[in-house]
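Guided by the hints, dock chain B with the ligands onto chain A, whose structure is given.
The chain contents come next:
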Amino acid sequence: MLYIGTKFVVRNRTGDPVVIPFMSTISEKTTVYQANDSSFPRELEDEAIYILREVASQFEKPAILFSGGKDSITVVRLAQKAFYPGKIPFALLHVDTGHNFPETIEYRDWLVNKLGLELHVRYVADSIKQGKVKEETGKYASRNALQTVTLLDAIEEFKFDACIGGARRDEEKARAKERIFSVRDDFGQWNAKKQRPELFDMLNGKIELGENVRVFPISNWTELDVWNYIKEEELRIPSIYFTHERNVFERDGMIWADSEFINKSEDEVPYKAHVRFRTVGDMTCTAAVASTADNLDDVIGEILSAQISERGARIDDKRSEAAMEKRKQAGYF
Amino acid sequence: MDILRIATAGSVDDGKSTLIGRLLYETNSITQDKIEALESASKRKGLDFLDLSLLTDGLIAEREQGITIDVAHIYFSTPHRKYIIADTPGHFEYTRNMVTGASNTSVSIILIDARNGVIEQTKRHFYISSMLRIKNIIVAVNKMDLVAYNQEKFEAIKAELLGIAEQVSFKGQTLQFIPISSLYGENLVRKSAETPWYEGATLLETLEKFSTQNSELSTIQARFPVQHVVRPKTEEYHDYRGYAGKIASGTFLVGDLVEALPSGQISKIKTIEKFGTQLEAGNAKESVVITLEDNIDVSRGNMLVKVGEQPESRKELKAKICWLDSQMLTVGKTYLLQHGINRVKAKITNISSVIDIKNMSLSNEAPADGGLKLNEIGWISVKTASPVFADKYEDNPANGSFILIDENSNSTVGVGFVE
Ligand SMILES: Nc1nc2c(ncn2[C@@H]2O[C@H](COP(=O)(O)OP(=O)(O)OP(=O)(O)O)[C@@H](O)[C@H]2O)c(=O)[nH]1
Ligand SMILES: [Mg+2]
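Residue numbers (the working numbering), protein chains in the order written: chain A, 1 to 333; chain B, 1 to 419.
Heads up, a few of these hints could be off.
To be verified - Derived coverage of chain B by chain A (criterion: at least 3 residues anywhere in the stretch with Cβ under 8 Å from a Cβ of chain A; other residues may be distant):
| id | segment |
| --- | --- |
| 1 | 97-106 |
| 2 | 283-292 |
| 3 | 373-384 |
| 4 | 399-406 |
Simulated from the structure, these hints should not be mistaken for lab results. Where a beta carbon is used, it is the ideal one built from N, C-alpha and C, also for glycine.
Next up, chain B with everything else stripped away, as it sits in the complex:
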């Protein structure tokens, strides 16, 4: 059984949480006791209908304010596959939580309130989804009930967003538009009688057709970051030395010639194992243990790659970055850069430009106050204390991103995409 991971996106109150609640409701994925709990919570709020957004808005503060603050993960399945949905907040202030939720997904459902059309936050979330290289975008034009299911409204929003897509989309990204009403469940699971002019698929039909991303990751260059060295030191496994890790990308085969980075030593894959079972091949996203023919020097944070497919060794990176902390990113400051599982000290040497989401333009100057503020996206240069073996994010999303950790607060303060 495979898994499709989805995130919602779009501005505050556009109806993301309601959409997810309704989708689960219509697929019979909410049990009776949970429905009863939603009923009494709705009543307590003075509502005379079932507020399905309460299914994911589970925190006290969220229920008080009627908004989503942090990502909720919610699950349902069809006979076809399992779905993991990240319901993310629309509020600008919580963009970092939206990025958290969206980072692990291959589908983004961007909601738009049909009455308001495309607004700045729609653009921001579209931009972030594309920056993360989320393969499939569904634009759900919501609250169609409030515009009398008017086709012109829908077409106008679609045209405007297609215009933005020209600047934001990347090759291979799919874009689909669906007119919906989350509140009434129109075109979610059931085809709506209110939109006879719409000939496309419902939301669920659209989701069921997407392929999961794993197969694609397995076809690109192979990367194996070593997480842990298994050395049992028992009599039975006296000389055993296995390298445990999750294959980031590509496929490794027994017999492959591999190079260990950074040492540059070369050996051959002897076995690829999972709990002692020997496999012929290991694919992207599989957690395995690899043993080599020779005793070469490999430790945590090192990477195994196939000979002839080495990523560049870099001590200077150019990257697009999304800033996630209330303390500004400033030139000259040092952070810990975590690339995959590997941490190195890094210094910000330059901030070259910041994106102006509203006008979809780049200001090609360093920011006036010298830094990148919470939720801003810009381009930076970093110098690292030791080499990093990263790919360009667009070539290899599994080996092309990093996070920055502030050594004072220990918090994750930024996410970068190698250019």
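Okay, chain A solo, but in the shape it has when bound:
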């Protein structure tokens, strides 16, 4: 994987380098819309664009929760398409745990610059300084759960009434229960037992001041749909999704990226390996997979034959059977 200027170079099947023009303008890339033999069901794109347009009209101040991962990149692409040739009418909000992969931050800044977006960053470190949350300790210490507090504060500070996220129902069993418009109370809490009926494609985003709606436009996409979309749209993505050499160590049968943010025990000895990431969260909660995939076809091939689900690489979900549901109740997305 190489960077050449702002272009991104990967190898395709035949070994020729291909330049991937991310967020291509039409002149660079014309999408064939009528094709039904494509692996990506275009119906999903139509549905997502419809949802994003509803957000723009039903809310005063919506934002996209941007993590720099493939799902939020997909959401930005969809927003670009939904309002073209107009601009994306949403700001980006990144809740920075301070434990990010540097590659995703680099990517984030490149994207914001390229598309002329408004980016707000709020730091978990500040919430810790203010004494609102306490840094976890021990071997499994992570800031993943802490970011909810920073997120809720940011929502209040900017008065965002809708936050668009790239969460998908196929990721996790509590997420499988989410509505497209997920209404949260003054405290950002999700009440799974009191969800609004959501009929046909009629979305009801009516809320009181202080309440907030989380919007999931790619609810019905699977991991594979996202990858096929990235491929068909020729989207640029952070390099850590492709194979690279990195210092790793093993813990609980998973490959962890070695970093200053992780408390290793003495018998956890780092070594070099060729890995890539299938899902990108914090360095403290995202496991790597051994891989030689350096292009999208190979990545898709690996996912098709994978015996482990995407979230199987998320250490934050393994804390307990209902880890996700409990985090969502507390205001997570």
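Just chain B with the ligands now, kept in the frame of chain A:
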């Protein structure tokens, strides 16, 4: 690649979640780590087998009680197509979640416990599926293992349901019966050796044969509700004015003469675009931007239709309604009526009858306590503050339904089908 959307239906414990879990298991759609998680969750529940209903019953409360409370969406695909399944709750109390799950589908799999046969909740879900005009109904007679795969049992249930279908079904709805065991995977993906008397297809074979609904929606009258007006106001697109929206039904072609509702102004379609790519035509369910030859007054909530195909302009609607809230629907109360993306104030002027699901009969009187209660289905009249351009639901399902929003709670409290 196309998508087939399915919902499960049927009473509590009839085996809906188990069926979906098993279907995914048999099609190798569950990864190893998820199977391991199901194993340990099953063990924690004291079971000595893999409880596949836990695949969709993902909430703490659902696992505690062993029931489904809210819809879970789950996905799998065959080389042929992608499937989106809504696993819905069977419990009467959660009917509104069943309606939510079923509303976006074209196939309903209604499960029946072979031991109990057709019960009230079976009828209710069949009725709701038909009210939603779900095109394909599969009646899966489940737990055949508990009745020794007895053919008479199966035939008796089939006969009873066919009798109900005479009252409930609509023209063009298909009805198929399959004897299954969700627990043992009989006749789901693999043809069962236990039912040699059954000559029909397995569940998966049946699903693979259904056509998706989109093509049909594209052949009826065209409706384009405008969601958003695109006005970039940049130098390059100084005078650009595009109308963004999802085509609800029909097909629009470049050059079509269209009328904007409610203004009645007429213009011609100049372009149909998707992210700048110009198309010759736009079909139902596609999200597009339409530009017109003339600068006429069109804003969010307006609708473009072809000249000569206008829907009726109505300020009074008669509709069948399914009530979804614990607070009763009462005559005289005002709600927000959302038809597609368009909201208007509306007043309930009359409740003419309520359906008695158990006896499949209509009581032709207003309900005794003056209202429609949670999960009841009835007929109402509403008066709206401004005209609504709705079609009859049976003529155009994409433009014939609405929801009612309670302005105090902001919640969606009812779904209506225009008559
Ligand atoms: N013997 C037998 N038991 C079954 C079969 N299918 C389901 N069950 C059992 O029936 C019980 C209920 O199954 P579920 O799948 O949870 O039922 P459900 O229809 O999803 O229930 P709700 O969602 O709560 O309405 C469980 O104990 C299952 O193991 C079957 O084919 N044979
Ligand atoms: Mg269930």
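Problem set entry | Check of the segment 373-384 of chain B against chain A for coverage (Cβ-Cβ below 8 Å, three residues minimum) | This one is violated; 0 residues, fewer than the three required, reach chain A with a Cβ under 8 Å.
Exercise. Does the segment 283-292 of chain B contain three or more residues whose Cβ lies closer than 8 Å to a Cβ of chain A?
Worked result: Contact hint for the segment 283-292 of chain B vs chain A: holds, 4 residues under 8 Å.
For this session: Please count how many residues of the segment 97-106 of chain B have a CB within 8 Å of a CB from chain A and say whether that reaches 3.
Result: holds (count 5)
Problem set entry | 8 Å C-beta test of the segment 399-406 of chain B against chain A, three or more residues | Three-residue rule met by the segment 399-406 of chain B, so holds; n is 4.
The structure fails hint 3 only (numbered hints given earlier).
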